[in-house]
Structures are given as structure tokens and as C-alpha cells.
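Colleague: Given next are the chains, with one letter for each unit.
There are 2 protein chains.
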Amino acid sequence: MHFMTALKAAWRQRNSLLCVGLDPDPGRFPPHLAGRPQAIFEFCREIVDATADLVCAFKPQIAYFAAHRAEDQLEALIEHIHTQHPAVPVILDAKRGDIGSTAAQYALEAFERFKADAITVNPYMGRDSVEPYLAYGDKGVILLCRTSNPGGADLQCLDAGGERLFERVARLVAEEWNANGNCALVVGATFPAEIARVRALTGELPLLVPGIGAQGGDIAATVAAGRTADGCGLIINSSRAILYASQGQDFAVAARRAAQETCNAINACR
Amino acid sequence: MHFMTALKAAWRQRNSLLCVGLDPDPGRFPPHLAGRPQAIFEFCREIVDATADLVCAFKPQIAYFAAHRAEDQLEALIEHIHTQHPAVPVILDAKRGDIGSTAAQYALEAFERFKADAITVNPYMGRDSVEPYLAYGDKGVILLCRTSNPGGADLQCLDAGGERLFERVARLVAEEWNANGNCALVVGATFPAEIARVRALTGELPLLVPGIGAQGGDIAATVAAGRTADGCGLIINSSRAILYASQGQDFAVAARRAAQETCNAINACR
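As given, the protein sequences belong to chains A and B, one line each in that order.
Sequential numbering of the first sequence, starting at 1, is according to the numbering used here.
Sequential numbering of the second sequence, starting at 1001, is according to the numbering used here.
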């Protein structure tokens, strides 16, 4: 799968900019899954199967698997998505960032071991720390730019020679690091004016936008600020509001309903 | 183990500022380990046992384990260090960085699952992305500041309101994030003048210094720039120059010799 091609096809064919983030927290699973050895995989598989036709991507967050010694369940989950929902690209949310020789190992982890179609990467260590991912031309490399958390401004909004640091990152990625056409940026939904600024700086670059749902970002403002001329250009992530829409036996049905509502709310603004 | 207490004790009692970085690359292992199912663990265990009395810390780099589906071998390695060399703290080099709820999962991974005594963390996402680690008051939180790789300057040396970004990070950590006294900073050996600047900004904060050995940093300049008044304050990392001092059966003996020479070279400059 070529990530950018698959993403654009998913935007059009599924008529969805929604990405479901897979952040499985066993403490919030429905009671019937409690104590099952593959509970993390089973929970995520049900969410995936219930929502796959409504999304442009899935985004498993690796920390939620690693904290529970469940890398094998993450492998099984991504394999399940590729097998059962082959049109839906998988973004591994790992936010890696290290010197080139180590980044090459992380790229192996993400692309060869887990078989992700894209990975999130932290830009703080600069170009050579990103190149091992960029070299996989068919994989997506999604750089942190302006993040949705309260401390995101601590560094990202500092004035860096006449522009804010996240603007410098946006320009670096759009103008220099995207030679293979496989880059995207993370810009939080909690700051629509900054989404608009990043859109202005980066042309048609896809933007992965976390922060709607549990984090409180506004869908209409996000879409208005970030969509491209064709009404696409955004990968709008929701995790907790969908995964935990119900904590009962009906969690997958409730997740589908929440995903459908979110997808519709996004589409109403495109 | 309290990381800062253990580190200071190791500096004094072992008379060493050397940290051996455990970046196991199976392609560079001696032939007799080839194909063995626990080769990564066995290689690292021999390095650890041959050098433990010469170091102030060990620093396993998680990517080298994750790329080979060898998290179990990393768990076994850290358990081995704690059991056989209980005075030597273990720094998990993971460079994590994510929103608070995800950072809490990474902290579980590092401190509860792998039982590391300290972790490296990326500061790009700001204070709340670091707080879950800081909350473990007995664990070390080592923030990236000025890294040793060629692209390190891309963002870190941008002028950020009258100071360079890495100087802002150094001040944030020393003045705000270090309330529990468990912070340290990563500053590459390839830029001694910048080590001196960080030292001037941060008082006695420990500095983890990669970049000697294979990356070409100068030991005398590093020690002169970064030591504290008592001749300590530095965790000087060498990985490849020690791990692969020989690729024959004698690799552990050769690693000890290289570690001893490096430790002596550092001590000659303190």
C-alpha cells in the first residue's frame, strides 16, 4: 500500500476525514472483556470492524500496547486491519525521534515489524533524524508541528527568528523534507487559527488533527481552517469519545454510532 | 533505587563518568552468537558483566530491541543488571514525547514494565507531556536539549526570543520542571561550547553526553566544558566504540579494554 494514495482514495471513496485513534485502556473496557488474555486485541478488533467503512485511517497509539506488554496484540491488530479492511491505511502513533542510526531501527519497528503505513515522528532532532523514515517512499511520515495539549505552546509557539517554531517546522517539512511527497503534519484541533496558518504555509499537505472529542476541539472551526480546495486534506482523529462511547456489551455499536455522528458532523462543514 | 542518589554514588565509588550505551546490532555480533534465539540478551549481558565496575550507568536504546521483537530480552537484560550489578542505574533511552494521558502509558512502560531507573524524553510537546515521568520522584527524567547529530541544529539552534531554543529548554528544565530534583539534560559531545553554555545555565544538573567515540566528540573538551566543581556532573556515553571494539570471540574483553581506556581518558581530564 502507498500511504498517500490510499489516504486520498479513502477520503473520496468513504467520504470521510475521520480517523479512529486506537488507545486501548483496559481499565475502561466493558466487563465481559476483563481478564481475557487477548482483551486489548479483541477490544480494538471490535472497534475496527464496527467503524472501518466510516474512516479514512486507523491510528493505534503504541504506548497503550507497550505499557501492557502487548506488542503481539498490536501486530495482530494491524494484520487484521490489512486483511479485513485493506483500503484503510494504518498510522502508527509513536512520535519517535532519534539520531539516524537509531531512527533506522525505529523505522524497521514501525514499517517492517508492525507493518504500519505511516508513523508519527518528532522533529526536535532535525533532518537526519527523520530521513530513515522519509526513505520509505511509500510510507507516510507525519511530523509533530503544533500539538493539542496545554504545554504544546511551551516550545512550539516561541518566536523563532520572526516566526513561531511550529511555523518553522511546517515550512521545513513542506519545503525541504517532503521531497518524496510522503510527509504530513500534526496540528491540534484546539487551535483553529494555527491550523489555518499551517494550511497557508503548506499547500495541500495532509494534516493529522487530534483534539476533537475528549480534548474539546471544535469540528466546524477545524474543517474551515484546514480543508483543502477539494474539501479534503485533513485526517481528523477521535479516540476516547468513540472507543468509550459505551462501556457496556454494546460498546462496538455505540462506537459506530459515535463515529457516524462525528463523520457526519465533519462532512456537514466541508 | 533512587536514580540521582545512585548516580552520584556511582560517580564517586566507581570513579567513573562513563556510561556504556547498549545499542545491540545483530549484524555486528561475533559469529558464535549468530542465530542464537537470545543473542541480543547474551551479547549485552557479556558487555554488561565485563564493564559494570567501570561505569556510572548503562543506557539500553529501546529501538534496537523493538526492531527485533526483543522486548523480552530487554526486560531480562535490565533485570540482570539490577540483580548482578545493583549499584549501577539503568537509563532507558527511548526519547518519548506525547500528551499527558499517553505519556502516563510510556512511563508505565519504562518504569513498571522495564524497571528502568531513568528515561530520556523529548521536550517538544511541553510541560504536561513530561509531568507523568516527573511524578516518579525517584526516577530520572533526562530531557533532550542539544543533540549530537548533524540535524540537531535545525530547530535547537534557532533564535527563540533572544536565546537559542536549546538554551530555552535548558532553562525550562532547570528552573521549572526540576521541582522534584530528578531532571537531567542530553547535550552532545560534538559541541563543547554548547555544553559549557548549558552548564552555565543549569548549575549542577547532570548532563548525559552522547557523541564521543563513533560520533567523534572530544573527551577533553567535553569534560572541561561540562564538569561540575567536584569533577562530576557528566554521564558520558559511548556505545559503538565499546560494543564493537572487537567482533571476535574476545568481544567482551575488548569492550572492557575500550571502556577502561575511555574511563581513564575521561578521568585524566577531570
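Possibly wrong hints are sitting among the right ones.
[Claimed, not checked] Chain B regions said to be covered by chain A (calculated; three or more residues, Cβ under 8 Å):
| # | segment |
| --- | --- |
| 1 | 1007-1019 |
| 2 | 1045-1051 |
| 3 | 1189-1202 |
| 4 | 1257-1265 |
[To be verified] Taking lysine to any residue and the SDA-like style, the derived pairs with C-alpha atoms no more than 20 Å apart in a straight line are:
| # | chain 1 | residue 1 | chain 2 | residue 2 |
| --- | --- | --- | --- | --- |
| 5 | B | LYS1115 | A | VAL253 |
| 6 | A | LYS115 | B | LYS1115 |
| 7 | B | LYS1115 | A | LYS8 |
| 8 | A | LYS115 | B | HIS1068 |
| 9 | B | LYS1115 | A | GLU71 |
| 10 | A | LYS115 | B | ARG1069 |
| 11 | A | LYS115 | A | LEU172 |
| 12 | A | LYS8 | A | GLY161 |
Note that these hints are calculated values from the structure, not bench results.
For glycine and all other residues, C-beta sits at the position ideal for the given N, C-alpha and C.
Colleague: Of all the hints numbered above, which does this structure not satisfy? Sort the numbers upward.
Modeller: 1, 2, 3, 4, 5, 6, 7, 11 and 12
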